[in-house]
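As you go down the protein sequences, you meet chains A and B in turn.
Every number in this note's numbering is 90 more than the matching position in the first sequence, counting from 1.
Every number in this note's numbering is 3 more than the matching position in the second sequence, counting from 1.
Be a bit skeptical, because a hint or two may be false.
[Said to hold, decoys possible] Derived DSSO-like pairs: lysine-lysine, alpha-carbon spacing no greater than 27 Å straight-line:
# : chain 1 : residue 1 : chain 2 : residue 2
1 : B       : Lys51     : A       : Lys430
2 : A       : Lys144    : B       : Lys153
3 : A       : Lys144    : B       : Lys131
4 : A       : Lys272    : A       : Lys246
5 : A       : Lys378    : A       : Lys430
[To be verified] Pairwise CB distance ranges (calculated):
# : chain 1 : residue 1 : chain 2 : residue 2 : range
6 : B       : Tyr189    : A       : Leu338    : 28 to 34 Å
7 : B       : Asp57     : A       : Lys198    : 48 to 54 Å
8 : B       : Ser231    : A       : Gly423    : 45 to 51 Å
9 : A       : Val143    : B       : Lys131    : 19 to 25 Å
Just so you know, these hints were derived from the structure itself, not from any lab.
On a predicted model such as this, the values are computed, not experimentally measured, just so you know.
Even for Gly, the Cβ is constructed at its ideal location relative to N, Cα and C.
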Amino acid sequence: MRIYLWQWLVVSGIFGTVLFMVACGNNGSPTPGPVSACDLTDIPYNPQPYTIVKPAHFPEIFIPADNPMTVEGVQLGRRLFYDPILSGDSTQSCSSCHLPHGSFTDNKDVSVGIDGIAGRRSAMSLLNVAYVRNSATSDGLFWDGRSKSLEAQALKPVEDPIEMHNTWPNALAKIRESEDYKTRFRKAFGITACEDISQELAAKAIAQFERILISSGNSKFDQYLAGDNFALDDEELDGKLMFFDEGLSNGLQLPDAECFHCHGGLTLTGNQFFNNGIDSAGLLTDFKDLGRGEVTLNEWDNGKFRAPTLRNIAMSAPYMHDGRFVSLDEVLGHYIAGGKPRPNKDPFIHPLGFPMQQGTQTVYTGFTPYHKQALLKFLHALTDSTFVNNPDIQNPF
Amino acid sequence: MKQLGLILFSMLLITLSSCKDKTTETPVSDYTLTFKATYNGQPLEKYKYYDYSDYKVRFSRFNTYISDVILLKGTEEVKLSDVEWVDFTPDDATNNLALEVPLQFQATEGTYTGIKIGFGVRPDLNAKRPSDFPANHPLAKETEYWLGWKSYIFSKVEGQGDSNADGNDDIFLLYHCGSDAVYRSYTFNQPIVVAPGSGNSVEMDLKKLFTINNQWYDLRIPTNQYTSNNPADVTVATVLMDNLVNAVSVK
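Chain A on its own, in the form it takes in the complex (with noise of 0.2 Å):
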């Protein structure tokens, strides 16, 4: 039987054509066999562990064992975390919303995708979200704490309509595309052909560039927990002692200001979920945007949405999951009023001042100016401007 050379062709073309596809549609994790569209063993992959740098002070940080913490994969992270190719029209990346020198927010109200279209609530601080781990009740990210994880999380933006419009499979093809990424990839994970680059690889580097995110322990509140009884001035000291309802200065009883329940330990807030009265809401189902009952479907957690951090506040304004309060002195303000009535609004939001029977009921009084000027420098002491300086965390390209 003779074969002609077109023959040959057909089929040779056919069977190389049937292996392409067979190759580029694996896009999971890696699967050892011959056939590669391209091949990345010759790049070494040595990957080198990385230590997160803290502040002594601030506690552990939890690192899943399925993505520890690497070189390689911070600095592709890094990337990725600044780079718009994960969008749609390549305009957008993570920092588009999460920018340096706003302590990772984008300082708007809401933020607004590559489309034009505002989303609905506010781009949260990342500031130490590698803690939100570490946090006593809750485990998730975002506002609603719809994600129970940085990995989790890192996927939900780019096939969001309304933030960067993409779907993964485009994103990955044009990440395949670059020789700069393959290397990287292989870096990092130690994946074998570039078909191998996925989704949950880029969502695991992203997140562990986010776990470098940590504050670096040289605000003035860190300089005084480190043992300089003079980082805070008088009204600092005071506005600390209100926010921890410390209660005695100097002799005299202080106000509570409650902050701390919601807003507390070292990275200032406990990433639980609490109704913060900002809205009135006379039944549960009155809520404009429902937080966190979205994601438990429990009525009774519609309304309440995930503390953020306030270390950096002063930083990134405007505040509140919709932005609505431009200032510090708008949400003392509020605070300080003890929110309006609703059904499930946290105990803790109540007039401040000290409390005083009256009849039946218990007022609040004595919260004077001062107080809330004490508060609010104490809340500017909380400012970590090497953080937001830090050339580890800056935009690589």
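Position chain B relative to chain A; hints supplied.
Frame of chain A; chain B shown alone:
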């Protein structure tokens, strides 16, 4: 003869080692302590108004640390755990019923004469801070540490009340007990059986907690509505932690 001696010596060794094995082969079983939050004997329901004296209260958060869970057998003590954190009202619960929190331990099978449970964080551990513990440790929880007091928050009970039935909550219940002075350890003398599949429940009843000497603790009095922010004043926390002995039952 020499060979016979060797054989006898070998048999002796085998016998001795076999006896040793028998003495160390004490069966060990899982033992589960299930913590339950109740109000008047019924499972606690978050946000539900409960009749309280002649007004109403409801609760939104309840959690507690426990330390030194110890089984007793006469004078013998078998420690099951150093410290645990029990959260009846986690944020990710999908309904308002307080969660039952099972803690699983292992202990030598048998019948014990009682169980001792510390409520709060025992002083040597309370002297530490969250940064002293690995991330998954119960004492690594930043939210459960009060910087101002340099103490863990041993227990949190939060809620609200409506003193005059006008539909508006005007009572804010904020009990965060902490500091070494209010750490309490209580012994429950009753048979505790450890056997395969065995366990007991520890019920913590909030109605009983706020019933002091058979009287309602008056929650309309402002100073009764919260634990003091002054580390030197643990009056309310002491009242509650002392009364745990009446509010907790092991079944």
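query = Under the criterion that the straight-line Cα-Cα distance not exceed 27 Å, is the pair Lys51 (chain B), Lys430 (chain A) satisfied?
reply = holds, 20 Å
Agreement of Lys144 (chain A) and Lys131 (chain B) with the hint, judged by alpha carbon distance not exceeding 27 Å = Answer holds: Lys144 (chain A) to Lys131 (chain B) is near 19 Å, not above 27 Å.
Outcome of range test on Cβ distance (Asp57 (chain B), Lys198 (chain A); 48 to 54 Å) = holds, 51 Å
ask   = Taking the CB of Tyr189 (chain B) and the CB of Leu338 (chain A), does the distance hold inside 28 to 34 Å?
value = At 32 Å between Cβs, range holds.
query = Holds or violated: Lys272 (chain A) with Lys246 (chain A), Cα cutoff 27 Å?
reply = Cα-Cα ~22 Å, so holds.
message = Given the hint of 45 to 51 Å, is the C-beta distance from Ser231 (chain B) to Gly423 (chain A) inside that range or not?
response = violated, 27 Å
message = Hinted pair, alpha-carbon criterion (27 Å max): Lys144 (chain A), Lys153 (chain B). Please report holds or violated.
response = The given pair, whose Cα atoms are some 21 Å apart, holds under the 27 Å limit.
inquiry  = Looking only at beta-carbon atoms, does the pair Val143 (chain A), Lys131 (chain B) fall within the given range of 19 to 25 Å?
reply    = holds, 23 Å
task = For the pair we were handed, Lys378 (chain A) and Lys430 (chain A), check the Cα-Cα distance against 27 Å.
result = holds, 15 Å
This entry does not satisfy hint 8, going by the numbered hints stated previously; all others are met.
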